[in-house]
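Let the sequences and hints guide you as you build the complete structure.
There are 2 protein chains.
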Amino acid sequence: MAKQYLSVRNLKFLLHEVFKTEELTKHPRYEHIDKEAIDMIVDSALQIGDNIAHPVAAEMDRKPADFRDGKVYVHPQVKKYISAMAEAGLIGSSASLEVGGSQLPEIVTTAQGFIMGAANNGITTFTGLTAGAAGLIASFGSQELRDKYLEKMYGGQWQGTMCLTEPQAGSSLHYITSSATPTNEGYYKIRGQKIYISAGDHDQTENVIHLYLAKIDGAPAGTRGISLFVVPQKREENGQLVDNDVTTIGIYHKMGQKGTPAIHLQTGAKNDNCRGWLVGEPHKGLTYMFQMMNEARLGVGLTGASIASAAYYEALEYANERPQGQTLSIKGQDPNAPQTLIINHPDVKRMLLFQKAVVEGSLSLIMQCALYGDLAHTTEGEDKERYELLLDMLTPVAKTYPTEMGIQSVSSSLQCFGGGGFCEDFPLEKLYRDIRITTIYEGTTGIQSLALLGRNVTMKNGKAAMAYFQEVSKTIAEAKTYDPLKKYAETLETEMQRLQNVTQHLVGFAMKGEVERFLSDATLYMEMFGISAIAWQWLRQGIIAHQALLTKNPQGDELSFYESKIHTMKFFFAYEIPKTQGLATRLLDAEVLTVGVEKAVFV
Amino acid sequence: MAKQYLSVRNLKFLLHEVFKTEELTKHPRYEHIDKEAIDMIVDSALQIGDNIAHPVAAEMDRKPADFRDGKVYVHPQVKKYISAMAEAGLIGSSASLEVGGSQLPEIVTTAQGFIMGAANNGITTFTGLTAGAAGLIASFGSQELRDKYLEKMYGGQWQGTMCLTEPQAGSSLHYITSSATPTNEGYYKIRGQKIYISAGDHDQTENVIHLYLAKIDGAPAGTRGISLFVVPQKREENGQLVDNDVTTIGIYHKMGQKGTPAIHLQTGAKNDNCRGWLVGEPHKGLTYMFQMMNEARLGVGLTGASIASAAYYEALEYANERPQGQTLSIKGQDPNAPQTLIINHPDVKRMLLFQKAVVEGSLSLIMQCALYGDLAHTTEGEDKERYELLLDMLTPVAKTYPTEMGIQSVSSSLQCFGGGGFCEDFPLEKLYRDIRITTIYEGTTGIQSLALLGRNVTMKNGKAAMAYFQEVSKTIAEAKTYDPLKKYAETLETEMQRLQNVTQHLVGFAMKGEVERFLSDATLYMEMFGISAIAWQWLRQGIIAHQALLTKNPQGDELSFYESKIHTMKFFFAYEIPKTQGLATRLLDAEVLTVGVEKAVFV
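Protein chains in written order, with numbering that gives the first Met the number 0: chain B, 0 to 602; chain H, 0 to 602.
Some hints could be false.
Which copy is meant is left open, so a pair is good if it fits within one copy or across any two.
[Said to hold, decoys possible] With a straight-line cut-off of 20 Å between C-alpha atoms, the simulated SDA-like cross-links for lysine to any residue are:
| # | residue 1 | residue 2 |
| --- | --- | --- |
| 1 | Lys459 | Ala509 |
| 2 | Lys598 | Ser559 |
| 3 | Lys598 | Ser328 |
| 4 | Lys578 | Glu526 |
| 5 | Lys11 | Asp556 |
| 6 | Lys598 | Gln338 |
| 7 | Lys462 | Gln102 |
| 8 | Lys283 | Glu477 |
| 9 | Lys578 | Gln407 |
| 10 | Lys598 | Glu515 |
| 11 | Lys578 | Arg497 |
| 12 | Lys485 | Asn237 |
| 13 | Lys569 | Gly595 |
| 14 | Lys569 | Lys598 |
| 15 | Lys598 | Thr339 |
| 16 | Lys78 | Asp146 |
| 17 | Lys578 | Asn500 |
| 18 | Lys188 | Ser141 |
| 19 | Lys598 | Leu340 |
| 20 | Lys188 | Thr246 |
| 21 | Lys34 | Gln102 |
| 22 | Lys473 | Lys486 |
| 23 | Lys598 | Thr326 |
| 24 | Lys11 | Asn552 |
| 25 | Lys188 | Lys233 |
| 26 | Lys62 | Cys422 |
| 27 | Lys62 | His252 |
The hints are simulated quantities; they were obtained by calculation from the structure and are not laboratory data.
Here's what the structure looks like:
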């Protein structure tokens, strides 16, 4: 296993140079931190990554979470990890000071999450879900619920989860059937089943707090009748934790992320005494949950980027150490020539640059989204609305590109190892298995694509899309002021025009009421949108790197760093952007081959 | 697990309608068979697939090949499978009658291999390798070697392998160091190590016969000094099988194909008494091995297509059974509407059509190659040379497209299952793991791409490339005679022009001696070449289906079948061909970003 799993230099480049996180600290919300504090948070996350998370990554895969005699067991390092994260204030890193959090900007939390995900993507789920679940209680729960749960959750004693999916409904929450019957004692009786509940039960915390979607008896049909409940695995009675009739009835045997249990839960089945406490108002559960869902979507995108980062540094180390073959220019000319390192083969260089372009481009887009969230928290009025729209607009893209292309990137890392990549001798086969879930978690690529095209592009009469195109235009205009970047700025300009043409073409179907036709190739639209969004991020990085080269007179590693940024930007523009040509051709094509097609075609 | 893992109707369509295999049987070489015999072979392969191979596919994955106390254990069904294949005459299916084979056309053997690969891709390795190893002895070995080995190998008592890879050399056979020291007793003493030897040791046959590359003491450096040996695990002495100093020192723990052991072997290490018998002449080993390699490459392509086939039918069954969500056209309009089957979502239809297009397009290209091999065997002079060139030309493409796109196809099948695809409850996660090795086996995609562009395109002054372009032109001309196919014929014509332009542009670098530049993006060239080759196969299928619709007046399932062929052809043209636009843009771009780039760029 390579020691390196990410570039700290790149993380600081994005935090400080590209996104100028320090500027956020001028706002009262973040006045308790400064640049040094941000670097210290990064450092303490790296400590936990290096010393606790990364060393057990392989072992957690080999000794997966296990369900026996009614109990779920996970690797004992999980407890150490949760404690260390709690002590460093990193479970509640983005929660407000008021509820016991560290009140850090989301962009800093994102940096921390990237480190943990790259170190050991399975272990981050435990704390990530606790943070998300606690965040819902903090935002929408009563003071009583906050007092009861938040300290223990941010302190790492209690695990949090999100319980959405049910066997019969899958991603279609409209059809969930978990029920909540009111009582006179302030709680509801919960009955139902939930599947795929990550960290839904294990032996490393004393309790598990489920944020649970259910329908109050008599609630309206569909998503408008869904409420949100806190359903603890054990509830407190007279200062004691007692069983709350939440039963683990199965564990999923997964291809990857095997260290994190995914649980099949049943509530109220033992003695009809599962108690849940309503969060906020009845029937508003889905709206609340979407706060967490949107964060979780960015979180899954981040997992994609971080797994791809770990895989890239594995491939890079191997390519720098493994001799094989001769360079093409001398091949066959001297049978006694020694072998060359595989990094000297252009095809290996191409694969490595592809990985680097995906990893650093993806991370940049996710941090951009996090920053929009922070700016929405620190502005008012029109500005605030604009940042919220930008965050909304880009969230499905920042979930999808890093996961879809992350899978390709990890596959390319694996390929650099040849046969070794397929074997347990190297961590690639594990990372390849792990990352595959990310295009499914928290809404599949298909669902994200419907959200992007079917909802975001047209919402508020296209105001969000307009705001996004303006952001990109600003970057293009700035890049044009530097001669060596002009070519790339113009390329991106052409791309944005291409994207707008396609968008208009597709929206035309929506206006004619042809909804299925409008959305039938939403996934390809997402692919096209994602490529130009990452190109935008690369141009942003290119501008900063170019400015640094002009003004900072960097030497040695610093010079290499900035030159590498320019080179990788060029690579992305040369190798990835052209893919939009074929996508646009397809999206503008009049031929309809899926909508309305009979099943008989699939024989 | 779905019962169906392939379309028999499609297999017979390709065998009889598209490739008219029956015509081969007019030649004396195949006069012992006819159309009925071919169908019987398909049926007996299906019997073995249904009753022996497919039922244990999951179990062979859950209980992988194991190495303990110096012995390698595999699933006991392997013995049953090998016996059934031997009894049906299918291990030696393409071997000549003279050596005890069934002397079937390669295209029939391909159909049989497709069935087995789709039924259980791990189990086919055992018989596939025996056939390949025996084929080398049959083609190049002395009568003594043939007499000694072939009957037992084709009879399933003895396993065959190919021993190429060594730890220090990997894919670069130039650097192998296994040595062979001549003795006066007609054998050589073999010393060395070989890695990743599939089926290299196991408990289901009484002996393992290694076809082993080594260098005779004093041989020339590099590939010109490599010889081929038969190195049995146990040799015969006085009618007894005795130990031949071939030791298994390790087994690889693989991500997929876990039922097939991959072995790390040492020869001559126990008592310097490992005996090997030279096959053919000294120093010609690599030339001989390439006969097997080329067949093995097509075989790996076939494995890719067959795994993708199994995954497609799993996804199709699930999509036809799983209700989830509402169709987009009624979404939200009626909260009480029942859920629809996921096959009714356009995005799911798109994913399924993509899989079908990849599976049936890939199989068609591989069968086309097999047919070229058969035609080379049954013609003379210029015709024979032309078929050999066509087979050579297309072999790396028929290895690469079905594996690279097969991986995408299986990933798309998995995606249809949502979270279930990531869990052991469905066979998708296994198929996803299994297929990942196929772009590495028998030469990675990078190596195949160098062979295509660096060798095949220019060989004999472009004669092979010319022959290929003529074949495609013939199909285009025929398609143009049918009005409804004209549009597709013209699209393919444009594609071939695009490919020729790119080819000329790249060959220009070779002519200037810029070898690295010429080949730096060979992998992208392969991708572009593959897409148009599959488009060609789809147009061929489209012509036959169109003719059938015009002349056969098909009804019911037959009508659906032919219409489905036309529809899938259209899908491939609409969704896949446009990808070449971006590839061509990149390949014609002057910017060089890999060749000559310093390592510092990868930070």
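Compare the structure with the hints numbered earlier in the document and write down the numbers of the violated ones, lowest to highest.
Numbers 7, 8, 12 and 16 - these are the hints that the structure violates, sorted from lowest upward.
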